[in-house]
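Student: If you read the sequences in order, they're chains A and B. When we follow my numbering, the leftmost residue of the first sequence carries the number 1, and every step to the right adds one. When we follow my numbering, the leftmost residue of the second sequence carries the number 1001, and every step to the right adds one.
Don't take every hint at face value.
[To be verified] Sample of chain A residues at the chain B side, in silico, Cβ under 10 angstroms:
hint : residue
1    : Met99
2    : Pro103
3    : Glu110
4    : Tyr168
5    : Gly229
Don't read these hints as lab results, they were simulated from the structure. Ideal Cβ positions, reconstructed from N, Cα and C, are used throughout, including at glycine.
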Amino acid sequence: MSKALLYDATLCVGCKACEGACAEQNKLPYDETIAAEQVQSDHKFTVVLNKNEKYMRRLCMHCQDPACASVCPVGALHKTAAGPVVYEEDRCMGCRYCMAACPFGVPKYEWSKVLPKVQKCVMCPDRVAAGRPTACTEACPTGATKFGEREELIQEARDRIRQNPSNYVPHVFGIEEVGGTSVLILSGVAFEEFGLKPNELPKDPLPLYTYRVLSRIPDFVPLGGMVLGGVWWITHRREEVAAAEAAEKKEDRGGSR
Amino acid sequence: MKFKLTFWKFVFAVIMALGTYALFVRFTQGLGASTNLTDQFPWGIWIGFDVLCGVMLAAGGFTLTAAVHIFNIKRLHAIVRPTVLTAFLGYALVSIALVIDLGRPYRIWHPLVMRNPHSVMFEVAYCVMLYLAVLSLEFSPVVLERFKLEKPLKYIKAALIPLVILGVILSTLHQSSLGTLYLIMPTKLHPFWYSPLLPVYFFISAIAVGLAMTIFESSISSKVFGRALELPILRELGRVMMVVLGVYGILRFEDLFHRGVLKLTLVPSYEMYLFWLEIALALVLPLVLLCIRKVRMSAGGLYLSAVLVVLGFITNRLNVSITGMETSAGQHYIPKWTEYSITAAIVAVGFALFGLAVKYLPIFEDTEHAPEEANAKAIAAAATAMSHAGK
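Same shape as in the complex, but just chain A:
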């Protein structure tokens, strides 16, 4: 039972109300210059991309099994049961592996600060915990962003495509990509136009890729120790035996003389 967002690009009018609401919620600066920026950054957690009056909203996808949370050595990022992937600033030591690992390029860094932190959409965890929708959902005048149970939203997204097949690309982005995300996207134009690549993203959660290797370590350590200890024993035993044999031969020769 986790919450999710459904963004339907065909309903979006590019008003950027979500951007403003997000900035207010997260106490970020927001003005005309920032509104014109077409990228997510440390001061803009969600962005409405505009390509010839076609819109696409981008924000943290809140993966079901997030790569960022899996790679963080200190557990500063984690997925809550309610759905959001949140960040604990007090833990972060700034290794930026989360940024390198995220398949959507979401975590952003405060490069201009001496003691920077990672910045990204955290899906208004306080609101979600209190049973309220996210700030961006509340601000959306056309219902392009909808908040609800992930399972129900997936159903609804599929229904929308079925009822209006000519309006949509027949794909709900976020059901399967990297093991599923808590942000689901419907689009009227190819996802690739906005840099989303459903065909290139694996269906497996990315943490599996590293964990398959990592999970062997507990077996490897005692095994490696045994093998190396064994090799040491054999090589040194061989030497001892050789020395003993040589001594014996010497003795034999001494005796026969």
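Guided by the hints, dock chain B onto chain A, whose structure is given.
Tutor: Relative to chain A, chain B alone:
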């Protein structure tokens, strides 16, 4: 004692001055002002060179201690100390480089208490920390001997084999884990370098580089410190290195073939040129050289092959961490002067500390506290080496 300014001391002073200023910029103005890193390109040469290459270049420590103490190849004993010293300095410097790269350096101890065992970075952090401790214990006899502390020396010697085994295990783990770091980026790293075998490649190449660095160091230190060259030992290392490179090469190209990217290596692109540069330096040239018996037997030939292998795998690590990321990031990354300066300063400090250690500690067995006797020994050893070479 009079201070004499030589060319190299002057170069060292310039590098240190620039490095210190760069460090000042980094810690007063932040990473944005001191690096060309961006949100799209969060890891630069401080990770790609200082950490990935630093750890790789220190791999001689575990390969050689394993060869001598576990596999009981006694002939190599004479070069264990300088190699362990290099490894120790290497890891210490890698740790310093990491502190500089971290956004919040004062929290470097966090992984000790905030554990995420699913994170490769967490595993690397622990391994490096533990291995640094192991290396300092492995190196400690040198210091203990120097100050004639017999009792602790006895304890260390008793614990040597378990320590060496632990060191080999820890090295195997984190050398390969540096490759595992990139397994989570299948959509970001270029297919020339992204492979499920990345951890295996990193491990095998670390062994090759460990051997190459041992040859390289022995050759250099024999020149700089006027010591006899252990040519028969180096030949042995060269032969093993040839085999390791062969295994690596076969594995690498088979894997490229199976993943269907072999044909891409013939399509001109930025990545293609750097891929072939890496392959030429790390595999083709040294393998060709080492296959020629005359070259393999000569000090110069071994030295050249070792240098090529080292340069080749430095190219490999930079390709994995930088070249291979540029297309997906949508930008080229060229380090800022501050990034270069700090890296150069770290390398220079490594050289200086190595020099100091050799001067004041019994690193090379034959130069121990008795210069005349050592000279005599060195001459004798040189004579033996030459007679071996003559054969």
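Student: For the hint on Tyr168/A, just tell me whether its beta-carbon gets within less than 10 angstroms of chain B.
Tutor: violated, 24 angstroms
Student: Would you check whether Gly229/A satisfies its interface hint, that is, whether its CB is within less than 10 angstroms of any CB in chain B?
Tutor: holds, 6 angstroms
Student: With a cut-off of 10 angstroms, does the beta carbon of Glu110/A approach a beta carbon of chain B closely enough for the hint to hold?
Tutor: Constraint on Glu110/A satisfied, holds at 8 angstroms.
Student: Classify the hint on Met99/A as holds or violated, based on whether any CB of chain B lies nearer than 10 angstroms to its CB.
Tutor: holds, 4 angstroms
Student: Using 10 angstroms as the Cβ threshold, decide whether Pro103/A counts as touching chain B.
Tutor: holds, 5 angstroms
Checked against the numbered hints given earlier, the structure breaks only hint 4 and satisfies all the rest.
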